[in-house]
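Please construct the entire structure, taking both the sequences and the accompanying hints into account.
With my numbering applied, the sequence shown covers 116 to 901.
Since the hints were derived computationally from the structure, they do not count as laboratory data. Honestly, I wouldn't trust all of these hints.
[To be verified] In silico lysine-lysine, PhoX-like type, Cα no more than 20 Å apart, as pairs:
id, residue 1, residue 2
1, Lys331, Lys400
2, Lys400, Lys357
3, Lys331, Lys357
4, Lys887, Lys331
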Amino acid sequence: MAQTTSEQPNGQDPKAGAPNETFSSSDDIIVTAQKRSERLQDVPLAVTAVTGEALAARQINDTSSLVQAVPSLTFQQAANPVASSFRIRGIGTSLFGLGNESSVALVVDGVVSARQTQNFTDFADIERVEVLRGPQGTLFGKNATAGVISVVTERPSRTLEARGSLTVAEMGEYRASGTVSGPLTDTIGVRLTGYYNDVGGNIRNVLTGHDANATKSWGLRGKLEWRPSDTLTFLLAGDYRKSDANCCQNVLVKIGNPFRALLTGPITVRPDSDQIWNNDQTYAKSDQQTYSLQSNLDLGSATLTSITAYQRYHLIQNQEVDAFGYAQPVYISPASSAQFDLNYGNTHIANFTQELRIASNDPGPFTYVVGGFYSNVAIDRYFSRRRAVCATGVVGQPCPSPSYQSLASFSKLKNSSIAFFGQAELKLVGGLKAIGGVRVQHESISVDGQRLGVLVAGDTPYGGTASTWAGTSASDDAVTGKAGLQYEFSRFAQAYVSYTRGYKGLGLNTEISADFANQQPVQPEHVNAYELGFKGRTTDGTFSIAAAIFRADYTNLQVQANRSDPLNGVVNYVQTNAGSSRTQGFEIEATLRPAKSFSVTAAVTYAKNRFDIDGLNCPSQFQPGASVVAIGGARPANACYRYQYRNAAGTLLTSGPTQDVRGGALPVSPTWRINLSPRYEASIASNLTGFVQADLSYQSDQQFALEQDPLLRQDGYALVDMSLGVRQPAHGLSLTLFVKNVFNQNYYSGMTSAALVPANLTSLDIFAIRPKNANRYFGGTLGFNF
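Rendered as C-alpha cells:
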C-alpha cells in the first residue's frame with residue numbers, strides 16, 4: 116500500500132543528493148511519522164502509508180474517501196464541514212463548534228490545520244498519505260489525541276516531467292488534474308499542479324429538477340525549491356483551493372409518523388431513497404489558501420528544519436432544516452417549524468504557525484528530534500437563523516397566520532499555543548532500544564461575541580435574546596509524553612511496547628447558543644494509551660505484516676450533548692465533557708506476494724469503544740415514558756428519567772428528559788472493519804502492462820447517535836470495487852476502467868431522526884445522508900506520465 120523509495124533523513128528531498136543517506140534499498144518503505152525519514156518497518160508505532168499511485172488506482176480522490184484504504188479510520192458526514200469529522204480507533208471529534216480542535220489532526224506538508232472543517236480536501240499530485248493511529252501529541256501537538264492524517268505532496272523534480280489524468284464516471288462525474296515539474300537552473304526547481312472536479316449530485320430534487328449533493332472544486336499548488344548548497348534547501352509552497360457544494364442533503368429513508376406523508380411531496384420514501392422535495396438548498400462554499408516556507412540545513416550529524424506557514428480559510432454554509440418544498444409556511448403543530456429554510460453560517464479562519472526542530476541524521480545508538488512549535492489562530496464566526504411557526508391550522512395546509520422567530524450572533528475567537536517537544540531513542544543492549552519523549556505546552560483561548568437580535572423587525576427571538584458584547588477567556592498548561600521499548604530482532608523484524616499521554620486543550624463555544632459573558636470552558640481531554648506491536652517481513656519481500664494491540668483510556672472526552680426536550684419544544688445542544696471513554700482492540704495489516712504478478716493486501720481492525728456520561732438527552736421515542744425521580748432518589752443507568760429539583764426561590768421543578776449512559780457505544784465506531792485487495796498485474800506486450808484489482812471493505816454495525824438511539828443504528832455491510840486497465844510501465848499512457856460498489860450495497864454516512872408532531876414522539880421519521888458510492892456506478896480514467 117505504501118511507497119518504496121530511498122529518501123533522505125528528516126524530510127529532505129530523496130532526489131537532492133544530500134550526504135548521509137540512511138537507507139538505500141529500493142524495497143524500503145519510507146515515512147516521516149516521527150518527523151524523521153525512516154523505514155516504516157523501523158517505526159515503533161501503528162502507521163498506514165498509502166502512495167498517491169495506490170490512491171489513484173482505487174479512485175480515492177479526497178480525505179473523506181481514505182476510509183476505503185485505512186480500516187482504523189471512519190468518517191461521519193454531516194450537513195456541513197463544521198460538523199463532519201474523522202475518527203481513528205473509534206475516537207474523534209464529537210463537537211461541531213469552532214471553539215474546539217479536532218481529535219484527528221490533518222497535516223499537509225508539515226502544516227497543521229487549525230480546525231476540523233479544514234480537514235476535507237481533494238487529493239492532487241500526492242506522494243503519500245500516512246495515517247498515524249493513536250495519540251500523537253508528543254510530536255504533532257495537543258489536538259492529536261486520536262491520531263494524525265499526514266498528507267505529503269510531491270516536490271519539484273530534478274528532470275523535466277509532466278503528468279495528468281482525466282476521469283469520467285456516471286452521474287455526471289468529471290475530474291481533471293495536471294502537473295509539470297522540472298529544474299529552472301542547476302539549483303532551482305519548480306512544480307505546478309492544478310485540478311478541477313465537477314461531481315454531479317446523486318440526490319434528485321423533484322421540486323426544482325436539479326440534483327443535490329453535487330460538488331465543484333478546483334485548486335492550484337506551486338512549489339519552488341532552491342538548493343544553494345549541498346547542505347541547505349529552501350522550499351516555498353503556495354496552495355489555493357475552492358469548493359462549491361450543495362451538500363450534504365439529508366434524504367427521508369423511513370416514515371414513522373403518518374402525517375409525514377402529507378408533507379413529503381411527490382417523492383418515494385425507501386431505504387435507498389434518492390429523492391428530496393425541498394424549496395431551498397443546503398450548501399457549503401469554501402476557499403482556502405496556505406503559504407509555507409520549509410528550510411532544511413544539514414549540519415552533518417543532524418538536520419535543522421524550520422516550517423513557517425500561514426493559512427486562510429473561509430466557509431459559507433446553510434442548511435435547509437425543514438426538508439419541505441412549500442414556498443410558504445404550512446401548519447404542522449404549534450411547537451414545530453412551519454418553515455425553516457435559513458440556518459446560515461459564515462466563518463473565517465486565519466492561522467500562523469512556526470515550527471523549528473533539529474533531528475539527528477546518524478542511525479547510531481542515540482537518535483533524537485527536539486523542537487518548538489507556535490500557533491496563533493483567529494476565527495470570526497457569524498451565524499443566523501429564521502423560522503416560521505404556526506399556532507393553529509390543518510396539517511399540511513398553508514398557515515393562516517404565521518409568526519416568525521429569528522436570531523443572529525457574531526463571535527471572535529483567539530487561540531494561541533506554544534510548545535517545546537523532544538523524543539529520543541537510545542540503544543541499550545543488542546537490539547533493545549528505549550524510547551522517551553515529552554511535550555510541554557501552554558495555551559490560551561478567548562471568545563468575544565454577542566447575540567445581535569432578530570433579523571427582521573417584528574420577529575421574536577429564537578433560541579436566546581440580544582446581548583451586549585462580552586467575552587470569556589481561559590488558559591492552561593500541560594505536560595504530555597511517551598515512553599516505550601523497542602526490540603529489533605533483525606532488519607526485517609521488530610517488536611515494541613509504548614505508553615503515551617495525550618492532551619486536547621480547552622474549548623469555548625462560538626455559536627449562537629453561547630453565553631459569551633459567563634460560559635464555562637469545555638475542560639481539557641486527557642488520554643493514557645498503551646500499545647504493543649510487531650512488524651516483520653521476509654527477506655525476499657513476499658510477505659509482510661504489522662500487528663498492534665492497543666488500549667486508550669480517555670477522561671473528560673469532549674462531546675456535543677443533546678439536552679433537548681422535544682415534548683416541550685426545547686432544542687438545546689451543549690458542549691460538555693463525558694465522564695470517561697475507552698477504546699481497545701487490535702489491528703493487523705499484511706501483504707502477500709506469492710508471485711511477481713500477484714499480490715494480496717489485507718487489513719483488519721477490531722476496536723471496542725465504550726463511554727460513560729451523565730445528564731445526556733434520551734432518544735425521543737423514550738421521553739414520553741420517562742420516570743420521575745424525586746429529590747434524593749436514585750437515578751437509573753441507561754434509562755430515561757426526569758429528576759426533581761428546587762430553584763433558587765425554592766420552587767419544585769422537574770428537569771427535561773435525561774439519561775446516565777454507562778458503557779455506551781461511541782458514534783460511527785464499528786467494532787470490526789476489514790479490507791481485502793487482491794491484484795494481478797502482468798506484461799501483455801513489450802511495452803504494455805495489464806492489471807485487474809478487486810477491493811473489499813467490510814464494517815460491522817454502528818451507532819450514529821451519542822444518545823444510543825436504536826433507530827439510528829446501521830447494520831454491517833460490505834462494499835466491493837473492481838478495476839482493470841493497461842499502462843506503459845515507465846512513461847506513457849494508462850487507461851483504467853472501474854466500477855464502484857459492484858453489488859449496489861446501500862449504506863449511510865450519517866443518520867438523524869425527526870419528530871414531526873411533538874405529542875407523538877414514539878413515531879419518528881428517519882433521515883440519512885447517502886454518499887454517491889452508496890450506488891453502483893461505472894467510470895474510466897485516462898492518464899499520462901512523461
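Taking the hints in turn, this is what the structure says about them:
1. Lys331 - Lys400: holds, 10 Å
2. Lys400 - Lys357: Holds - the C-alpha atoms of lysine 357 and lysine 400 are around 8 Å apart, at most 20 Å.
3. Lys331 - Lys357: Measuring from Cα to Cα gives roughly 8 Å; hence the hint holds.
4. Lys887 - Lys331: holds, 14 Å
Comparing the model with each numbered hint stated earlier shows that all of them hold.
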